[in-house]
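J.: Here's the letter readout for the chains.
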Amino acid sequence: MFRRIKDKNIRDDQIVYHSLRDSSIIRLFVLPVIILLVAINVFPLFWSLILSFSNYSAKMVTEWGKNPEMVGGVNYSKILTDPDMWYKFITTAKYVVLSVSGEMILGFGLALLLQLKFKGRELITTFLILPMTMSPVIVGLMWKLFYDPNWGMFNFLLGLGKIDWISDPSRNLYSVVIVDIWMWTPFVMLLSIAGLSAIPKYLYEAAEIDRASWWSKFRRITLPMVYPILLVALIFRTMEAFKIFDLPMGITGRGAMAPQLIAMHLYNVSFVTWKTSYGSAIGYIILIVIIAITSIFIKYLNKAKQ
Amino acid sequence: MAEIVKRKKSISRYFVIVLIIVITVIYLIPFLYIISTSFRPWTEILDFPPKIIYKPSIGSYIRIFTSRTVYPPGEKLSDEEVANLKWYERIVYNETNEEVIRMGDLPRRYLNSAIIGVTSTVITVILGTICAYGFSRFKIRGKDDLLFFILSTRMLPPVVVVIPVFLMFRYLNLTDTHIGLIILYTAFNVSFAVWVLKGFIDEIPIEYEEAAMVDGYTRFQAFRMIVIPQAVTGIAATAVFCFIFAWNEYAFAFLLSRKVAQTVPAWLPYQMGVLGYDWGAAAAGSVLFLIPVLVFTIILRKHLVRGITFGAIRK
Amino acid sequence: MKKLLISLFTVVLTFSLIFMGIGCKGAVEEAVTEAVEEAVEAVEEAVEEVEEAPEEVTEEPAVEQFITIHWAQWAPADYLEKLSEGFTAETGIKVIVEQTPWETFVQKYNTEMIARSDAWDIIVGDSQDIGNMAINGHYVDLTDWIIENGVDKTFTPASLTYYAEYPKGAGKYYAVPCEGDALGWAYRKDLFEDADNMAAFEAEYGYALGIPESWDNLKDIAEFFHDPDNDFYGVAIYGDNGYDSLAMFAEQVIWSFGGELGDYATYEVDGLLNSEGAIAGIEYYHELFQFVPPGFGDAFFIKTNDAFVAGIVPMTTNYFAFFPGLANEATNPYAADTGYFACPPQVGSDGEERQFAALGGQGLSVVAYSEKQDLAYQYLTWFVKEETQMEWAKLGGYTCHAGVLESDEFLNATPYNPAFKVSMEIFKDWWACPEYDELLRTFSENIAKYVVAGDGTAEEALNKCVEDWEEIFEAAGY
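Protein sequence lines correspond, in order, to chains A, B and C. The first sequence begins at 1 in my numbering and counts up by one. The second sequence begins at 1001 in my numbering and counts up by one. The third sequence begins at 2001 in my numbering and counts up by one.
Any given hint could turn out to be false.
As the list claims (entries may be wrong) - Output of the computed footprint for chain C on chain A, the stretches with three or more beta carbons under 8 Å from beta carbons of chain C:
#, segment
1, 87 to 96
2, 139 to 150
3, 213 to 219
4, 248 to 254
5, 272 to 278
Just so you know, the hints here were simulated from the structure itself, not pulled from any lab data. For glycine and all other residues, C-beta sits at the position ideal for the given N, C-alpha and C.
Given only the sequences and the hints, what does the whole structure look like? Please build it.
T.: Rendered as structure tokens:
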């Protein structure tokens, strides 16, 4: 690299650029990103907030004072008093808890297994991360065929009878959970591997001298050391799972018998029945819930880091 | 004694390896299933129990590439007419009794996915690199606040902005345009890119650039000649991530594109003809769609692993 | 202070970006679109070159005229494209049929219409959506044109009412019936005519097995064939409730059993939707749903056809548009043994016999924002001709042209056309007011809970539905 600098002849006229002051460079370097983020993320957020207090429908012709008309907090009170809405939030919470806990346990377990050094370990890791690099809706589509009770392979391979995994409302939430776990366990696994490999070897060597059992080593060294990174994985997966949309769209579609997940409901309300303002209010409630959950986790994370 | 411990260890070692391999194989079953489905002839896809051994057919791949209509009942082609058909038309005729009327939509959708994925990735990486460099090297007022702002947009769930983005696109006539989706994906990826790349650039000693600038290099040249080559691993990892995100994105593509800029994920799940849902064609399309990501994942697996863990740990 | 500055800055930036976006967008997008088009064309050309030796190029007018028709992505749209080749040959005007998946079809054209887009000249829109499109001024009023061209005389009156008129009975038309469609039935002749089956059925139910003569009869047949232990099931019907499948099946049994969805003129629903007949209809749907194969809670036209082709049901309901798939010997091993019938009549509790079929299908409407309305009218004029309609029927489209429907040529063209003709006389449609989608959604959700999942009773479901609907109508100000 230094050779390249020495080889380079610098012409005098290039000195002009030198006069470009650092402050203007800062502007040039940093501003585009900030502008983009403000336009696509912050500005819509305000728009959405205003919308959520009106009764706008994107299907009808805009007519100020009529569509949209400011109606105050009606949308919010409607959502919060609607038992169906609560049911949807509870279903979503169930989905998040089941899929994230499954991913954490299996992912961490896999990471522990993969601590063993052997030939082909890397290849296996590559195979395992394949699902998470794929488009969730295509994955959902694959599983839809896989699950089909009449001609799919899932029941056949597991030796189950003709169990309906897709359209039975008492079961299809779990079928989406299974696919979510299948897809995202490797994510937790990768993070755990990174965390595990960062643990200093001497800690184990010291424990070895003390003749500590595997379990006590695990409990006293491994777990506390990977705890922060597991929390990071937990935060990420929780957020993703809470707003899951494409995976259930691929597997079950968005009908009334599909899992009653909140993001799918938001889509139905906003773009099928075109109650745009009502949808915005749901979006805001989702935002508040997600902020609340993550801030709790981040508090734990900061504690763990100390 | 020591031998027994050793043997015990090696037995458990083999047990773990076998376990891992079994898990991997189970993990891959859905992929194998979809690949095998894509090569099944139409009439065998709905067979139950599914045949393990069957005569493979590329009919599904032809169907995903073509638009067809079924021959009206009772209408049969004469042998001569059949002989005059092109090879792929004959396969379609024999398998599903359909007539190929034109090329299908797949190439266009595929091209859209590629254009949108590549362009947004390039823009994201350029913006992300210079922004990360700015944050890494300069004293910026309110730097921590700005960085936190960038991070928080990453945390923002897209479902919250989907309605205003939809309305905004409609007002600006960006619906169903390449540029609209490119802007959108760039905005969603750039915060991630900044954070990951800032980590990579922080690791490059500042002394290198200072030495270069003492030698008479401008800031830009120093950035181009010193920083970029050093950060190229990080840039590659970020680029792959951004590309995979844009390639796979469904919710916004589904909502905001229709024809001109529609990407594969927004189009592929809806393969229904008059003959029913074309599972074979959907499987064939999935296989074709997954190949680029598969190739990327396998070639760049080291960077990818680093990118996933790095990006997450940073936060 | 700092925060204030930042927020001010934010606002300024946002607006500048938006203006920038407007400024640059056109140019850049044009370039990108062009590049894509060119690339696609290049690929297509390459394919064509491989396909065939270059043919003689006929002289074409210097400016190529074309119109764009928007329809859902399905086979009839392909038929329309094929049919329109005749129009191009006659006038030199190219016709592009743009297809959008059903899943987003209605959403997409609504989006474009609000933006006053001229992307399409003609939309083949859903019959229920006509009120929304007419009220918001997206469709051109075709009343004068229809009378001028005599379409009100040549097309069946029912098809004009349901595909074209809004409000119903007002004599104002916004569309030309294009694809007539209704729910019908396909059955396995080999099973229905099997001597053992016939004897066993007669012994069990006391009358002969055959094409059902009433809905009750149909249920008996389903019950008779239902044999889950041997992977054989009684019937394939819709269970999906994402858009309108469950609602369409439910409405036809409601009507057949003497119920109503409400009064389309006064928007009154209480006492009609939860009347005795309606409850009987929904109860019937629930009972019939006990004989479907597993996994039918999300069944729509695809799954019912798949089940029939897989040979696990003796009969299936579906829209007529999907019967070509069942008549196709290459993909349906039972095609030769497949027969078709229209929805059976039913004697209600009041002793009156009623026969109804739920309407599908769409009409052609001219877009108000189109700059090529003259060409669109030219196309419509060509489309309503009897020869065109005959050709349309032959290609697999379903005509609503009375003369063609009557002709022997039509009736003998396919095995399902006679049943189609019957259905065209008994069909009836859902609400067509702009709130139809909300009505659909609430109806599907309430009914599905009882029909598919078996929660509650039919009366509860319908009462809940009446409540929701009254709320919707009240909010809409009727």
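J.: Take the hints in turn and mark each one as holding or not.
T.: Going down the list of hints, with the structure as the test:
1. 87 to 96: n = 0 at 8 Å, threshold three: violated.
2. 139 to 150: holds (count 3)
3. 213 to 219: Violated - the segment 213 to 219 of chain A has 0 residues with a Cβ nearer than 8 Å to chain C, which falls short of three.
4. 248 to 254: holds (count 3)
5. 272 to 278: holds (count 4)
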